[in-house]
Structures are given as structure tokens and as C-alpha cells.
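Please arrange chain L on chain X, whose structure you already have, making use of the hints.
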Amino acid sequence: GAGVSQSPSNKVTEKGKDVELRCDPISGHTALYWYRQRLGQGLEFLIYFQGNSAPDKSGLPSDRFSAERTGESVSTLTIQRTQQEDSAVYLCASSKTGEGYGYTFGSGTRLTVV
Amino acid sequence: GQNIDQPTEMTATEGAIVQINCTYQTSGFNGLFWYQQHAGEAPTFLSYNVLDGLEEKGRFSSFLSRSKGYSYLLLKELQMKDSASYLCAVTGTYKYIFGTGTRLKVLA
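Keeping their order, the protein sequence lines are chains X and L.
By my numbering, the letter at position 4 of the first sequence is numbered 4, and the numbering carries on one by one without gaps.
By my numbering, the letter at position 44 of the second sequence is numbered 158, and the numbering carries on one by one without gaps.
Simulated from the structure, these hints should not be mistaken for lab results.
Treat the hints with caution; some may be incorrect.
Straight line, CA to CA, 20 Å or less: simulated SDA-like cross-link-like pairs of lysine to any residue [to be verified]:
(1) L:K171 <-> X:E68
(2) X:K96 <-> L:S161
(3) X:K96 <-> L:T158
(4) X:K96 <-> L:V164
(5) X:K11 <-> L:G154
(6) X:K57 <-> L:T207
(7) X:K57 <-> L:N163
(8) X:K96 <-> L:H152
(9) X:K11 <-> L:E155
(10) X:K96 <-> L:A153
(11) L:K219 <-> L:H152
(12) L:K219 <-> X:E68
(13) X:K57 <-> L:G206
(14) X:K96 <-> L:I211
(15) X:K15 <-> X:V113
(16) X:K96 <-> L:G145
(17) X:K96 <-> L:Y208
(18) X:K96 <-> L:G206
(19) L:K171 <-> X:G102
(20) L:K195 <-> X:S107
(21) X:K57 <-> L:Y208
(22) L:K219 <-> X:K96
(23) X:K96 <-> L:K195
(24) X:K11 <-> X:Q80
(25) X:K57 <-> X:E68
(26) X:K57 <-> L:Q116
(27) L:K219 <-> X:L39
(28) X:K96 <-> L:L160
(29) X:K57 <-> L:S141
(30) X:K57 <-> L:T140
(31) X:K96 <-> L:Q116
(32) X:K11 <-> X:T112
(33) L:K219 <-> X:K57
(34) X:K57 <-> L:I211
(35) X:K11 <-> L:A153
Pulled out of the complex, with its shape left as it was, chain X reads as follows (with noise of 0.2 Å):
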């Protein structure tokens, strides 16, 4: 697509519950990231995908938090039993490789744990 795609825009859940987020790349991106933004925060790394492998999970806060990547294209981060802590705008950006190409964000999912 002409950018990327992030589904759903908001999301409302209770705690405990689980989450699915979804990300669609631009076309010909190899690398995928996702962060995570706390209301008035920086962005903070969660996950970076290299095609379907993910060479780096440093940033996943818990066991609860997972992420896959189909091929080079859509990528799903999901969050199991929710906490209010996981309140967040979580943020997935694209790029052509892994190294120093700028990335194109997508305009996010705003997650609410009520």
C-alpha cells in the first residue's frame, strides 16, 4: 500500500482480556518495528522484524506480549491479559532494510485498558 496501516485506530478493552494489533507495511519494506508511545512519552522499541524472523524482542516488556510477521508483509503484536499499564498508543513503522533508512510510521492503535 502507499503507507502503512494500522488496525484497529482505537481499541477499548478490559483488563485481562487479550488484544490483537495489526500492522500492514508498505509494499517492498523488508524491516518492520513496533513501539510503543505512554501519553506524553518518548517512543519506546518493542520488536523489529527482518522479513518473517525477529532478530531483536529486547523491547517486549513481558511474556504477555508476542508479535509475528507473515513473509514481508502483515504483522500482528499481541498483548494477552491486558493490564492498565498497557495503556498506550503502540506504533508501527516500516523501512527498506534495517539500517538507517528513515522509517514511515503508521498513524498507530490507541489502546485503553479499562
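Quick look at chain L alone, frame taken from chain X:
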């Protein structure tokens, strides 16, 4: 460790010039990016510096000194629409480390 520092907030007047500083200490360096983020929106790319010196792009310029671990973003002829957060990000290998961002308010 990895550390990127930016001022939290700045205020400037429409038509003025403002300089937003960024200092960094990272384990590797392949380049420094500046992004603009309006409230509730995704960050958008502004500039990329990989060599020392000044990169100019219209009203925006970005400077890098690798030996000092220092960059700045210079915004000239400020407009109200420039009110946003400005994020400094350093790339070591494949991922960016972001600063917390500088929230710029442009006053009429």
C-alpha cells in the same frame, strides 16, 4: 548504556527562530534522525544526518557533531503549525533509540 537527552518543552513566537538541542550517548552510531509529531498523530520524518555538519531543507536545518554526541534542529520563520513535538532518534544498527521529544509551542 543508551541515552538521548532533549529539553522537555520550549516556547517561541511566530516568525522567530528556535533551536532544539539533542545530546546522545549510544553504543553505536549510524545516523541521527529528527521527526515531527503533532498531537495524536504519527511521527513524520524531518531530517537525517550521518556526517558532521549542517543539512538544510527549507525552513528546517539539522546539525550534527559526532565527536560531541550533539545535534540540533533549527526552525526558522516559525509558523503556528510548527507547534508539535520534535523527536531526536539515533540509529546504531537497525533500530532507532528515541529521545522523549521536545514539545514546542509557537505563540502568536
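A quick look at each hint next to the structure:
1. Distance hint between K171 (chain L) and E68 (chain X) is unfulfilled; the C-alpha atoms sit about 37 Å from each other, more than 20 Å.
2. Note on K96 (chain X) and S161 (chain L): the hinted pairing holds, with a Cα-Cα distance of about 17 Å set against a maximum of 20 Å.
3. Between K96 (chain X) and T158 (chain L) the CA atoms are separated by roughly 16 Å; this keeps the pair inside 20 Å, and the hint holds.
4. For the proposed pair K96 (chain X) and V164 (chain L), the alpha carbon gap of about 17 Å is at most 20 Å, so the pair holds.
5. Proximity of K11 (chain X) to G154 (chain L) is assessed by CA-CA distance (about 15 Å); at most 20 Å being required, the pair is judged to hold.
6. In summary, the hint linking K57 (chain X) to T207 (chain L) is supported, as the alpha carbons are separated by about 14 Å, within the 20 Å threshold.
7. Simply put, K57 (chain X) and N163 (chain L) have alpha-carbon atoms about 27 Å apart, too far for the 20 Å limit, and the pair is violated.
8. Only pairs whose Cα atoms come within 20 Å are accepted, and K96 (chain X) paired with H152 (chain L) is rejected, the gap being roughly 24 Å.
9. About 16 Å separates the Cα atoms of K11 (chain X) and E155 (chain L), which keeps this hinted pair within 20 Å; it holds.
10. For the given pair, K96 (chain X) sits about 27 Å from A153 (chain L) by alpha-carbon distance, which is inconsistent with the 20 Å threshold.
11. Pair hint K219 (chain L) plus H152 (chain L) holds up; C-alpha atoms about 11 Å apart against a cutoff of 20 Å.
12. At roughly 39 Å between alpha-carbon atoms, K219 (chain L) and E68 (chain X) are farther apart than 20 Å, so this suggested pair is violated.
13. For the given pair, K57 (chain X) sits about 16 Å from G206 (chain L) by alpha-carbon distance, which is consistent with the 20 Å threshold.
14. At roughly 18 Å between alpha-carbon atoms, K96 (chain X) and I211 (chain L) fall within 20 Å of each other, so this suggested pair holds.
15. With a C-alpha separation of about 6 Å, the suggested pairing of K15 (chain X) with V113 (chain X) holds against the 20 Å cut-off.
16. Using a Cα cut-off of 20 Å, the hinted pair K96 (chain X) and G145 (chain L) holds, with the two alpha carbons roughly 16 Å apart.
17. A distance of roughly 11 Å separates the Cα atoms of K96 (chain X) and Y208 (chain L); the hinted pair therefore holds under the 20 Å criterion.
18. A threshold of 20 Å between alpha carbons decides the hint, and for K96 (chain X) with G206 (chain L) the separation of about 16 Å falls inside it, so the pair holds.
19. Pair hint K171 (chain L) plus G102 (chain X) holds up; C-alpha atoms about 16 Å apart against a cutoff of 20 Å.
20. With a C-alpha separation of about 19 Å, the suggested pairing of K195 (chain L) with S107 (chain X) holds against the 20 Å cut-off.
21. Taking the CA atoms of K57 (chain X) and Y208 (chain L), the gap is near 13 Å; set against the 20 Å cutoff, the hint holds.
22. Using a Cα cut-off of 20 Å, the hinted pair K219 (chain L) and K96 (chain X) is violated, with the two alpha carbons roughly 33 Å apart.
23. A hinted pair counts as satisfied when its Cα atoms are at most 20 Å apart, and K96 (chain X) with K195 (chain L) does not qualify at roughly 30 Å.
24. Our distance criterion of 20 Å between C-alpha atoms is met by K11 (chain X) and Q80 (chain X), whose separation comes to about 14 Å.
25. The hinted pair formed by K57 (chain X) and E68 (chain X) meets the criterion: a straight-line CA distance of about 11 Å does not exceed 20 Å.
26. For the hint linking K57 (chain X) to Q116 (chain L), the alpha-carbon distance of about 17 Å falls within 20 Å, and the restraint holds.
27. About 18 Å separates the Cα atoms of K219 (chain L) and L39 (chain X), which keeps this hinted pair within 20 Å; it holds.
28. The suggested pairing of K96 (chain X) with L160 (chain L) holds, with an alpha-carbon distance near 17 Å, which does not exceed 20 Å.
29. A hinted pair counts as satisfied when its Cα atoms are at most 20 Å apart, and K57 (chain X) with S141 (chain L) qualifies at roughly 18 Å.
30. Distance check on the hinted pair: K57 (chain X) and T140 (chain L) sit about 19 Å apart at the alpha-carbon level, within 20 Å; holds.
31. With a C-alpha separation of about 25 Å, the suggested pairing of K96 (chain X) with Q116 (chain L) is violated against the 20 Å cut-off.
32. A threshold of 20 Å between alpha carbons decides the hint, and for K11 (chain X) with T112 (chain X) the separation of about 6 Å falls inside it, so the pair holds.
33. A threshold of 20 Å between alpha carbons decides the hint, and for K219 (chain L) with K57 (chain X) the separation of about 36 Å lies outside it, so the pair is violated.
34. This hinted pair checks out: K57 (chain X) and I211 (chain L) have alpha carbons roughly 14 Å apart, not beyond 20 Å.
35. Of the supplied pair hints, the one linking K11 (chain X) and A153 (chain L) holds, its CA atoms being roughly 18 Å apart against a limit of 20 Å.
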